[in-house]
Amino acid sequence: MARRYLPVVAFTVLLVAIQLATRFTGTPYHLTQLTMTAYYSLIIVGLCMLIGYAGQISLGHAGFFAIGGYVTAFLTTFNLKLHPGGIVSLLSKSGVLVARLDAYGGDLLTVHPWLACGIAILLTVVIAYLVGGPVLKLKGHYLAMATLGFGIIVYRMVLGTEFLGAADGISEVPGFPLLSGMVITGNSSARVSNYYLAWGLVILGMVLLLNLIHSRVGRALAAVHGAEDAAGAMGIPTARYKLHTFVLSAVFASLAGVLLTHYNGGIGPSEAGVMKSVRYVAIVAIGGMANLWGALSMSLVLNYLSLRGYFGTYDDAVFGVILILIMLFAPDGLLRRHLLSDLKRAVSPNPAEEEAP
Amino acid sequence: MTLLSVRGISKRFGGLQAVNDLSFDVATGSIKALIGPNGAGKTTIFNLVSGFLPPDSGEIVFGGAEIHGMSSCEVAVRGMVRTFQHIRLFPKMTVLENIMVGRHVHSRAGFLAGMMNLPFTWKEERRIREKSVEIMEMLDIVDHAGTEATSLAYGQQRVVEIGRALACEPKLLLLDEPAAGLNMRETNDMGRLISRIREMGVTVLLVEHDMSLVMKISDEVIVVSYGEKIAEDRPLAIQKNREVIRVYLGDDEC
Chain A
117 MARRYLPVVA FTVLLVAIQL ATRFTGTPYH LTQLTMTAYY SLIIVGLCML IGYAGQISLG
177 HAGFFAIGGY VTAFLTTFNL KLHPGGIVSL LSKSGVLVAR LDAYGGDLLT VHPWLACGIA
237 ILLTVVIAYL VGGPVLKLKG HYLAMATLGF GIIVYRMVLG TEFLGAADGI SEVPGFPLLS
297 GMVITGNSSA RVSNYYLAWG LVILGMVLLL NLIHSRVGRA LAAVHGAEDA AGAMGIPTAR
357 YKLHTFVLSA VFASLAGVLL THYNGGIGPS EAGVMKSVRY VAIVAIGGMA NLWGALSMSL
417 VLNYLSLRGY FGTYDDAVFG VILILIMLFA PDGLLRRHLL SDLKRAVSPN PAEEEAP
Chain B
-9 MTLLSVRGIS KRFGGLQAVN DLSFDVATGS IKALIGPNGA GKTTIFNLVS GFLPPDSGEI
51 VFGGAEIHGM SSCEVAVRGM VRTFQHIRLF PKMTVLENIM VGRHVHSRAG FLAGMMNLPF
111 TWKEERRIRE KSVEIMEMLD IVDHAGTEAT SLAYGQQRVV EIGRALACEP KLLLLDEPAA
171 GLNMRETNDM GRLISRIREM GVTVLLVEHD MSLVMKISDE VIVVSYGEKI AEDRPLAIQK
231 NREVIRVYLG DDEC
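Quick note, the sequences are listed as chains A and B, same order.
This note's numbering numbers the first residue of the first sequence as 117 and each following residue consecutively.
This note's numbering numbers the first residue of the second sequence as -9 and each following residue consecutively.
There's no promise every hint is true.
Unchecked claim - Lysine-lysine pairs mimicking DSBU-like chemistry, simulated, CA-CA at most 35 Å apart:
id: 1; chain 1: B; residue 1: 161; chain 2: A; residue 2: 460
id: 2; chain 1: B; residue 1: 82; chain 2: A; residue 2: 460
id: 3; chain 1: A; residue 1: 255; chain 2: B; residue 2: 82
id: 4; chain 1: B; residue 1: 161; chain 2: A; residue 2: 253
id: 5; chain 1: B; residue 1: 82; chain 2: A; residue 2: 253
id: 6; chain 1: B; residue 1: 161; chain 2: B; residue 2: 230
id: 7; chain 1: B; residue 1: 206; chain 2: B; residue 2: 161
id: 8; chain 1: B; residue 1: 82; chain 2: B; residue 2: 121
id: 9; chain 1: A; residue 1: 255; chain 2: B; residue 2: 161
id: 10; chain 1: A; residue 1: 253; chain 2: B; residue 2: 121
Said to hold, decoys possible - Using C-beta positions, here's what the derived DEER-type ranges look like:
id: 11; chain 1: A; residue 1: 141; chain 2: B; residue 2: 119; range: 46 to 54 Å
id: 12; chain 1: A; residue 1: 128; chain 2: B; residue 2: 96; range: 33 to 41 Å
id: 13; chain 1: A; residue 1: 444; chain 2: B; residue 2: 231; range: 34 to 42 Å
id: 14; chain 1: B; residue 1: 136; chain 2: A; residue 2: 128; range: 25 to 33 Å
id: 15; chain 1: B; residue 1: 106; chain 2: A; residue 2: 130; range: 22 to 30 Å
id: 16; chain 1: B; residue 1: 130; chain 2: A; residue 2: 457; range: 24 to 32 Å
id: 17; chain 1: B; residue 1: 174; chain 2: A; residue 2: 457; range: 54 to 62 Å
id: 18; chain 1: A; residue 1: 277; chain 2: B; residue 2: 64; range: 20 to 28 Å
id: 19; chain 1: B; residue 1: 96; chain 2: A; residue 2: 288; range: 51 to 59 Å
id: 20; chain 1: B; residue 1: 10; chain 2: A; residue 2: 320; range: 31 to 39 Å
id: 21; chain 1: B; residue 1: 130; chain 2: A; residue 2: 128; range: 42 to 50 Å
id: 22; chain 1: B; residue 1: 54; chain 2: A; residue 2: 194; range: 57 to 65 Å
If you are wondering where the hints come from, they were derived from the structure by calculation, not from laboratory data.
Please read these numbers as outputs of a predicted model, since none were measured by experiment.
We put the CB at the ideal spot given by N, CA and C, even for glycine.
Isolated chain A, as found in the complex:
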C-alpha cells in the first residue's frame, strides 16, 4: 500500500531538485521545455496504461491530443462578437463567455476556457467510444493499423479545415485561468508556478493510474492482457474493460492537448501527425511497456531532449530508431518491471534458491 506511493515521493523530490538546479544555475528557461514535457508525459502515462497493462496498441493517440487541443483553441479564439444572435446572448448571460482584448486591441467575445475544456474532453470521450468500440475487436497488427488510420484522419482533417487554421493551426489562444488566480500560460513570469502545476497534474494522474493497476480492475486487465479467453471465462467483460481503458487513455491525451495548447498559446497540425503517435509508442516501449514509472522517466528525458532541440533535424528519426532497437533487442523495454530484482539476483544469487529442487 505505502510502497506504491514511495516512488511518488521520490519523483516529487526529483522535480523540486530540478527546479532548484535551474534556479541556482541561472537557467530558468529550461522550465519552459520541462513544463511542456510534463503535458506530453500525461499522454505517455495514459498510453502506457493502454499498451502495457491492457495490452492494446494505439498509433492514433496524437489524434486525441489534437482533438483536445483544437477544440479548446477554436472555442477560446472564435470571436462570437462577429456572430451575434439569440444563442450568443443567452450564453453570454449564463456567464460561460469571456470578453477580452485581442493582440491589436479589438474586442473579443469567446467561450470560457473551462467550458471549452469540458467540451473538448466530452467530445474526446464520445469519439473514443465510437472509434474504440469497433476497432478494439481487432488484435495486434490490425489494431495498430486501424488506430493509425484514425490518427491519419484527424491529421488530414485539421490540415484541410479552413476554420482550424489549415497548415498554420490556431494561435493567440489565451491562458487557462485556475480558481486560485493562477493561469496556465507560457509567460516567463509564471514559469515556476506552471512547472509545478503541470508536474502536479502528472503526479495526480500517476497516482490515479497506480491505484487502478493495483485494483480489481487492474488485475482483470492483466488477465485480459495475458489470456483473453480465460479472462472472459472468469466473468470479466473483456471488450468493455479494453474499451474503458482506451477511453481513459484518450482522455489523458486530450487533457494534455487542451492544457499544452493554452500553455503554448496555440496548436498546429504537426501535433496531430502520425510521427507524434509513433513517438509516444516508442517512449512507452523504451520505458518498459507495463511500467508506468519507466515510461514516465523516459518521457521526462526524451521529451526534454527533443524539445530542447538536441536531436536537431533528426528528431522524428531518433524516435523511429529507438522503436526499432527496442523491438529488436529489448522487446520488454529498457526499464522493464522486475529489472532491479532480476539484476540483484544476477549479481548475488540467493543460495536458498539454488538449493531448492
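Given the structure of chain A, go ahead and fit chain B onto it with the hints provided.
Below, chain B without anything else, positioned relative to chain A:
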C-alpha cells in the same frame, strides 16, 4: 433436480457436422463425464455449453434460464465456469493473483473506485485475498502463492487453474481433460480433488480420456461419436455397452 439441460444442440463447421442434435441433462450435485474417441466433438460441446461458441440450433438451459447465445462472460456470471484442455493461466501473475482474478464476479470495484482507491475497495480487496488464500490452503498450494503461476510444474498448474475456477464459486464446473498430461499419482490426486469439489456442492461436468478416472469418479457417463450421443448410462453399464465397445475398439467382423 436438473442444473444443466442441453436440448438438441447442433454445430456445423463448413462441411463438418461437429455436433448433431445432442441432448443431455446434468443433475445438481452429480459428476458427469463426457467421453468419446478423438474428434468426436467433446471440446466443441464444451465450447457450446460454456458460451465460447454459439450453437446453430438447440437450447441450453442452465439453472432455469436459457443461456444459448450468451457470451462466456455472461455464462460465468451465472455460475458456470470452465477450465481449458491446454492450461490457460494468466502469465506474469502469481498463483495468488491468478486465483484472485477468479473472485472477479463476486466483487464490484470499477474503474472510478479503483482509481480513487475508495475505502470500500480496501475491505473488498482484503476479502478477495482471504478467500483466495482459503482456496489455496484447501488445494495445498499456499506455499506457491507468490510464485509466477506459469512457472509451476504442469500438474500444479492444473490445480491452480481449478483453484481459479473455484474462486468463482461456480454452481457448475466444466473440466476439459483435467488429467491430460498428468502422471498416475497426479491423476489419482486429481480424481480425489474432483470428488471433493462435488462434496463441496459443486456440480461437475468433465471431458476426459483417462477411462479408469472416469469410471471411478463419475455418476453418469455420456459417450459421443461423430457429434452424436451413442450412450448415456452409469459407468458400469457403459463398460458393457456393445455400441460403445464398437466405437472404441472397432467391429468384431473386421
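Consistency of the hints with the structure:
no.	hint	verdict
1	B:161 <-> A:460	45 Å, violated
2	B:82 <-> A:460	19 Å, holds
3	A:255 <-> B:82	20 Å, holds
4	B:161 <-> A:253	30 Å, holds
5	B:82 <-> A:253	24 Å, holds
6	B:161 <-> B:230	32 Å, holds
7	B:206 <-> B:161	22 Å, holds
8	B:82 <-> B:121	21 Å, holds
9	A:255 <-> B:161	33 Å, holds
10	A:253 <-> B:121	33 Å, holds
11	A:141 <-> B:119: 46 to 54 Å	49 Å, holds
12	A:128 <-> B:96: 33 to 41 Å	37 Å, holds
13	A:444 <-> B:231: 34 to 42 Å	60 Å, violated
14	B:136 <-> A:128: 25 to 33 Å	30 Å, holds
15	B:106 <-> A:130: 22 to 30 Å	26 Å, holds
16	B:130 <-> A:457: 24 to 32 Å	27 Å, holds
17	B:174 <-> A:457: 54 to 62 Å	38 Å, violated
18	A:277 <-> B:64: 20 to 28 Å	43 Å, violated
19	B:96 <-> A:288: 51 to 59 Å	55 Å, holds
20	B:10 <-> A:320: 31 to 39 Å	59 Å, violated
21	B:130 <-> A:128: 42 to 50 Å	45 Å, holds
22	B:54 <-> A:194: 57 to 65 Å	59 Å, holds
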